[in-house]
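**Student:** Going down the list, the protein sequences come from chains U and A. Sequential numbering from 1 applies to the first sequence in our numbering. Sequential numbering from 1 applies to the second sequence in our numbering.
By construction, these hints were calculated from the structure, which means they are not laboratory data. Model, not experiment: these values are computed from the prediction. Cβ coordinates follow ideal geometry from the N, Cα and C atoms, glycine included. Incorrect hints may appear among the rest.
[Said to hold, decoys possible] Below, simulated SDA-like cross-link-like pairs (lysine to any residue); rule was C-alpha separation at most 25 Å, straight line:
{"id": "1", "chain 1": "U", "residue 1": "K270", "chain 2": "U", "residue 2": "G160"}
{"id": "2", "chain 1": "U", "residue 1": "K4", "chain 2": "A", "residue 2": "P81"}
{"id": "3", "chain 1": "A", "residue 1": "K54", "chain 2": "U", "residue 2": "N74"}
{"id": "4", "chain 1": "A", "residue 1": "K464", "chain 2": "A", "residue 2": "L494"}
{"id": "5", "chain 1": "A", "residue 1": "K381", "chain 2": "A", "residue 2": "D322"}
{"id": "6", "chain 1": "U", "residue 1": "K458", "chain 2": "A", "residue 2": "E375"}
{"id": "7", "chain 1": "U", "residue 1": "K458", "chain 2": "A", "residue 2": "A476"}
{"id": "8", "chain 1": "U", "residue 1": "K182", "chain 2": "U", "residue 2": "W195"}
{"id": "9", "chain 1": "A", "residue 1": "K371", "chain 2": "U", "residue 2": "R450"}
{"id": "10", "chain 1": "U", "residue 1": "K40", "chain 2": "A", "residue 2": "D439"}
{"id": "11", "chain 1": "A", "residue 1": "K57", "chain 2": "U", "residue 2": "L179"}
{"id": "12", "chain 1": "A", "residue 1": "K371", "chain 2": "A", "residue 2": "K381"}
{"id": "13", "chain 1": "A", "residue 1": "K60", "chain 2": "U", "residue 2": "C31"}
{"id": "14", "chain 1": "A", "residue 1": "K60", "chain 2": "U", "residue 2": "A26"}
{"id": "15", "chain 1": "U", "residue 1": "K458", "chain 2": "A", "residue 2": "H423"}
{"id": "16", "chain 1": "U", "residue 1": "K89", "chain 2": "U", "residue 2": "E29"}
{"id": "17", "chain 1": "U", "residue 1": "K252", "chain 2": "U", "residue 2": "D311"}
{"id": "18", "chain 1": "U", "residue 1": "K66", "chain 2": "U", "residue 2": "D48"}
{"id": "19", "chain 1": "U", "residue 1": "K458", "chain 2": "A", "residue 2": "H289"}
{"id": "20", "chain 1": "U", "residue 1": "K182", "chain 2": "U", "residue 2": "E94"}
{"id": "21", "chain 1": "U", "residue 1": "K458", "chain 2": "A", "residue 2": "T447"}
{"id": "22", "chain 1": "U", "residue 1": "K89", "chain 2": "U", "residue 2": "K458"}
{"id": "23", "chain 1": "U", "residue 1": "K458", "chain 2": "A", "residue 2": "S171"}
{"id": "24", "chain 1": "U", "residue 1": "K39", "chain 2": "A", "residue 2": "H423"}
{"id": "25", "chain 1": "A", "residue 1": "K54", "chain 2": "A", "residue 2": "P81"}
{"id": "26", "chain 1": "U", "residue 1": "K229", "chain 2": "U", "residue 2": "G262"}
{"id": "27", "chain 1": "A", "residue 1": "K32", "chain 2": "U", "residue 2": "I80"}
{"id": "28", "chain 1": "U", "residue 1": "K66", "chain 2": "A", "residue 2": "K381"}
{"id": "29", "chain 1": "A", "residue 1": "K60", "chain 2": "U", "residue 2": "W27"}
{"id": "30", "chain 1": "U", "residue 1": "K89", "chain 2": "A", "residue 2": "D439"}
[Stated by the list, open to error] Not everything, but these chain U residues come out facing chain A in the computed CB check (under 8 Å):
{"id": "31", "residue": "S22"}
{"id": "32", "residue": "R70"}
{"id": "33", "residue": "V72"}
{"id": "34", "residue": "L79"}
{"id": "35", "residue": "H81"}
{"id": "36", "residue": "K82"}
{"id": "37", "residue": "E87"}
{"id": "38", "residue": "K89"}
{"id": "39", "residue": "L91"}
{"id": "40", "residue": "P114"}
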Amino acid sequence: MPTKYHIHTAAVPNRYATVIRSGVIAWEEGCLKCPRCVKKECVYGVYDKRGLDSRLMVDSLDSLCKDCFRCVQNCPNRLIHKALNPEYKNLGDEYWTPEIISKLWFQAETGRIPVSGAGYGGRFSGQGFDAMWTDMSEIVRPTRDGIHGREYINTQVDLGRKHQALEFDNRGNLLSPILPLKEIPLPIIFDILPWSPPLDRINHTLLRAARSIGTYTVISQKDWDPSLKAYLNHVMLYLTDGPDSFEEALLKKLNLIEIPDGPQVLDQQKRLKELNPEAVIVVRIPLNAQSPERALELAQSGLEVLHFTADEYGREQGETPLAIKDRIKETHLYLVRYGFRDQVTILAGGGVAMAEHMAKLIICGADAVTVDIPLLTALECRVCRRCAEGIPCPVNISQIYPPRGAARIRNLMAGWHSQLLEVMGAMGIREARRLRGEMGRAMFFEDLEREIFLPLGKRI
Amino acid sequence: MSEVIPFNPPEVRPAPTRFRHALSKFRIVIGKECDNCGLCVSLCPHGVYQPGAKRPKPVKDYLCLGPACRKNNFSCLVRCPKEAIHLNPNPSFEVMGDSRWTADLLASTWTMAETGEVPFQGLNYKTGDSGGGFDKIRLFFSKDNTKKGSKKEPSLTLELNRSGDERPRISLPVPFYLGGMSFGSVSINAILSRVRAAAAWGTFCCTGEGGYPDELMPYDDHIITQVATGLFGVREETIQRVRIVEFKYAQGAKPGLGGHLLGDKVTPEVARMREAVVGSSLFSPFPFHSVYSVEDHKKHLDWIKEINPRALVAVKVSTPTDVDMVAVGSYFAGAHILQLDGSYGGTGAAPDIAKKNIAMPIEYAVPKVHKFLSEEGIRDKLTLIASGGIRTAYDAAKIIALGADGVCLGTTDMVALECLRCHNCESGRGCARGIATTDPELTNLMTQDWGTQRIINVYASWMKQLRSILERLGLASIRELVGRWDVLRHLDYLQDEQNEGELE
């Protein structure tokens, strides 16, 4: 039996105290000095361990509290209250919500997936990824035995071009050339960060993490540093200035080379293939309304991997931008219609903030996703974007110790991998490659609303 | 073979909070200006104040009507001669709840559980704030309907066996039963409170997948025993003991995944009941390994029917895209009751990704199944029960109008027992409030009598609300409400209505 893909996890504590949702307010004035104070009855020992953390200068109490409200309700003089933490409310923005950020922190710290009691507490639906649900299979499903069968689900995907059909001569000899194909064990590639503090240590951290889980990090040509050579097998170099602008010896060794979309794409691909026939060439294309046509054009001209990028909110370019999942869906179906889908690989990224986004984007037609901001968040980023304005990072990410940071990113990826298994297991799908484009195994908000809610008010 | 249960609704008795103070939306502060004239004590009809030595004490501020009270002639805020009374939002209240179960819904459910009445404090006890589904659907009360309301009290009866077979016809006096929560996931006190309240209401409560504790035996006639994928605690004698046996194929909160009981909660008692190892996490497999086809499904049901010839068989499924086909399959396999558990339903522990994303909300699934079963001509042969995200009497009325015959409830019971949805049921000693725990000390934070009364009360309030809804719709029974899409409006798709009326 082949070895199963497994991401090793180990808890890596935060360097800085995390921003928590609510705090405890406890007044001393008016205290009756009850012999059995409610604070002593705290199930979580919040008050026992109370003390000022000398390193961080914060109260240790708030982070242990789990909002059971027993002390709030039982203090005779009502001296204890809870209050929302304004700093928490201000984390991130409407898209990168405090809930998303804090769950990313949790996964990076613990390597565990978020599990909780009580039912779902969020919005009914929303924009983009929140406007779809994935399917499950009730009975017929020879794939999985709950959590015990998860290692039999394969999350590996291939990057590269494939033949629509193999050609043979009269004697049965293979005529089709064997095309280079790169495999990644989970459908995630680390992308260029939209903003960040100085990258030196961060790139080392990302590459280290990519190496430990078997995937790639996109490194922009301008950020290249000879010290990154150690990770060459996990670099997807973004070559912005043409094939002759970079050290030839290195180009010959790379597995994946990305080039920007443009009229020069075919020439550049040809040149790079001359240098390194085993490399797979990726074209980076900003996602927009023309993406389906462009994808077909490139697929027809022999390109291998198309990497569509949306902005950090998961929106394409244009006046009235579509969500990434919708345009990728359209692009995928367009290629299917013209018979070119299986020949190219589609990568998609931008706004991928949670494990569920990865699963949903793949269902909508991407072979694999590219991730950016969550990687920084694993390094305790608060998505304040101060670095983009040149203001120092509140959690000093540029000073991260790469092995420590890589371990946190690995933890996060382990969490995402496990969650992908949960979703695929529930659907009864055993291969990430089979998940791609399985739109019949998903439910879309617009369809359900049209079918179910639009007719309300009429007698059936 | 009709079984008629003589039924008198249980008595509502006050069951105030078991903690020292109830959580209130507003905080009343009486300033130093107060000369203790006692006017506020005598003015307030809701008994917010108690006389005090220095100044009155707002001991029941959770009954205060808030700033809206200013318009009343009994408003203490307006009439205090010293203007000493100050009303502020309670910061703790903001920390409570979430979009689905808002702090208002929690507090209003607590009021119902305490008093058995419809909340009067101006809390929104009808909808949450999730921005879709139930929270965007309104009941439409046309003026014509309200006029023709009959004098007779509308019937809330729910028939459980419509198949026409020779098994008993069980008829519930109320359109709900209580959903499965296993011993292990919740405390024995919570289980018995639910079971006793179900018995008092003449309905049923499901055991969940955790065995059949001996303490339940006096209530055999009101228990649904569950057969789930882990087969924990399933024995021939427990199946023979009850009137309804439920097959749990899937659960809405974690569709496609088996039950989760994390190790900390597997105490010696729980382990014994489940024939498992103390402290070891229990993940039920998925799916049933004896069922890989609809034919196997029938075999399963036949097996139960053979073991217990008087039992009705319920099938609990989640809501995949092909939920309508699953429903038809269950009917032809011989199910009497089909429970659809929507994806936003409750759980003791589930991965967050599953709670939010897998399978569809119940508001979509019920109309889809109702329509499909009607087209297949078998809608009247199967009892369709909806669960998973039904929080209020209004949700219940809406889902019945969307096509369910009745509802199955769980989280409401927990909230009645003063759960505040802190989402920490799964780990450590379990629920700090003594509901979803097996820790002996925490379990004793609650008595069974108190718990039973709270759950009786909350449904007393619901039944009042349901009757009032039926009266206002001009309907004589809840049966007549089933599938009446015409009494519903969705706020996103409101069209110019010809007839006038109220949306609520």
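**Student:** Would you mind marking each hint as holding or not holding in the structure?
**Tutor:** These are the hints, each one checked on the structure:
About 15 Å separates the Cα atoms of K270 of chain U and G160 of chain U, which keeps this hinted pair within 25 Å; it holds. Proximity of K4 of chain U to P81 of chain A is assessed by CA-CA distance (about 77 Å); at most 25 Å being required, the pair is judged violated. Proposed proximity of K54 of chain A and N74 of chain U is supported: the alpha carbons are some 22 Å apart, at most 25 Å. A threshold of 25 Å between alpha carbons decides the hint, and for K464 of chain A with L494 of chain A the separation of about 28 Å lies outside it, so the pair is violated.
As the CA atoms of K381 of chain A and D322 of chain A are separated by approximately 20 Å, the hinted pair is consistent with the 25 Å bound. In summary, the hint linking K458 of chain U to E375 of chain A is supported, as the alpha carbons are separated by about 17 Å, within the 25 Å threshold. Annotation: proposed proximity of K458 of chain U to A476 of chain A holds, straight-line Cα distance about 20 Å (limit 25 Å). Between K182 of chain U and W195 of chain U the alpha-carbon distance is near 28 Å, which puts this suggested pair outside the 25 Å criterion.
Restraint check: the Cα-Cα separation between K371 of chain A and R450 of chain U comes to about 15 Å, which is no more than 25 Å; the hinted pair holds. Of the supplied pair hints, the one linking K40 of chain U and D439 of chain A holds, its CA atoms being roughly 18 Å apart against a limit of 25 Å. Proposed proximity of K57 of chain A and L179 of chain U is contradicted: the alpha carbons are some 82 Å apart, above 25 Å. With a CA separation close to 14 Å, the supplied pair K371 of chain A and K381 of chain A stays within the 25 Å bound.
Taking the CA atoms of K60 of chain A and C31 of chain U, the gap is near 20 Å; set against the 25 Å cutoff, the hint holds. With a CA separation close to 21 Å, the supplied pair K60 of chain A and A26 of chain U stays within the 25 Å bound. Straight-line distance between C-alpha atoms of K458 of chain U and H423 of chain A comes to about 39 Å, which puts the hinted pair past the 25 Å bound. Straight-line distance between C-alpha atoms of K89 of chain U and E29 of chain U comes to about 29 Å, which puts the hinted pair past the 25 Å bound.
As the CA atoms of K252 of chain U and D311 of chain U are separated by approximately 31 Å, the hinted pair breaks the 25 Å bound. The hinted pair formed by K66 of chain U and D48 of chain U meets the criterion: a straight-line CA distance of about 15 Å does not exceed 25 Å. For the hint linking K458 of chain U to H289 of chain A, the alpha-carbon distance of about 43 Å lies beyond 25 Å, and the restraint is violated. For the given pair, K182 of chain U sits about 36 Å from E94 of chain U by alpha-carbon distance, which is inconsistent with the 25 Å threshold.
A threshold of 25 Å between alpha carbons decides the hint, and for K458 of chain U with T447 of chain A the separation of about 48 Å lies outside it, so the pair is violated. Proximity of K89 of chain U to K458 of chain U is assessed by CA-CA distance (about 42 Å); at most 25 Å being required, the pair is judged violated. About 30 Å separates the Cα atoms of K458 of chain U and S171 of chain A, which puts this hinted pair outside 25 Å; it is violated. Of the pairs offered as hints, the one joining K39 of chain U and H423 of chain A holds, with about 21 Å between alpha carbons and a cut-off of 25 Å not exceeded.
For the proposed pair K54 of chain A and P81 of chain A, the alpha carbon gap of about 16 Å is at most 25 Å, so the pair holds. With a C-alpha separation of about 28 Å, the suggested pairing of K229 of chain U with G262 of chain U is violated against the 25 Å cut-off. Distance check on the hinted pair: K32 of chain A and I80 of chain U sit about 21 Å apart at the alpha-carbon level, within 25 Å; holds. Proposed proximity of K66 of chain U and K381 of chain A is contradicted: the alpha carbons are some 47 Å apart, above 25 Å.
Our distance criterion of 25 Å between C-alpha atoms is met by K60 of chain A and W27 of chain U, whose separation comes to about 21 Å. This hinted pair does not check out: K89 of chain U and D439 of chain A have alpha carbons roughly 34 Å apart, beyond 25 Å. With a least beta-carbon distance of about 5 Å to chain A, the hint placing S22 of chain U at the interface is held under the 8 Å criterion. With its C-beta approaching chain A no nearer than about 6 Å, R70 of chain U sits inside the 8 Å limit, and its interface hint holds.
Interface restraint check: V72 of chain U against chain A, minimum CB-CB distance 5 Å, threshold 8 Å, status holds. Nearest Cβ of chain A to the Cβ of L79 of chain U: about 11 Å, over the 8 Å cut. The hint is violated. Of the supplied interface hints, the one on H81 of chain U holds, with its beta-carbon coming within about 5 Å of a beta-carbon of chain A, less than 8 Å. With its C-beta approaching chain A no nearer than about 4 Å, K82 of chain U sits inside the 8 Å limit, and its interface hint holds.
Interface hint at E87 of chain U: violated, since its Cβ lies 14 Å from the closest Cβ of chain A, which is beyond the 8 Å cut-off. With a cut of 8 Å, the hint placing K89 of chain U at the interface with chain A is violated, because the nearest CB-to-CB distance is about 10 Å. Look at L91 of chain U: its Cβ only gets to about 16 Å from chain A, farther than 8 Å, so that hint breaks. With a least beta-carbon distance of about 4 Å to chain A, the hint placing P114 of chain U at the interface is held under the 8 Å criterion.
In summary, the numbered hints that this structure violates are 2, 4, 8, 11, 15, 16, 17, 19, 20, 21, 22, 23, 26, 28, 30, 34, 37, 38, 39.
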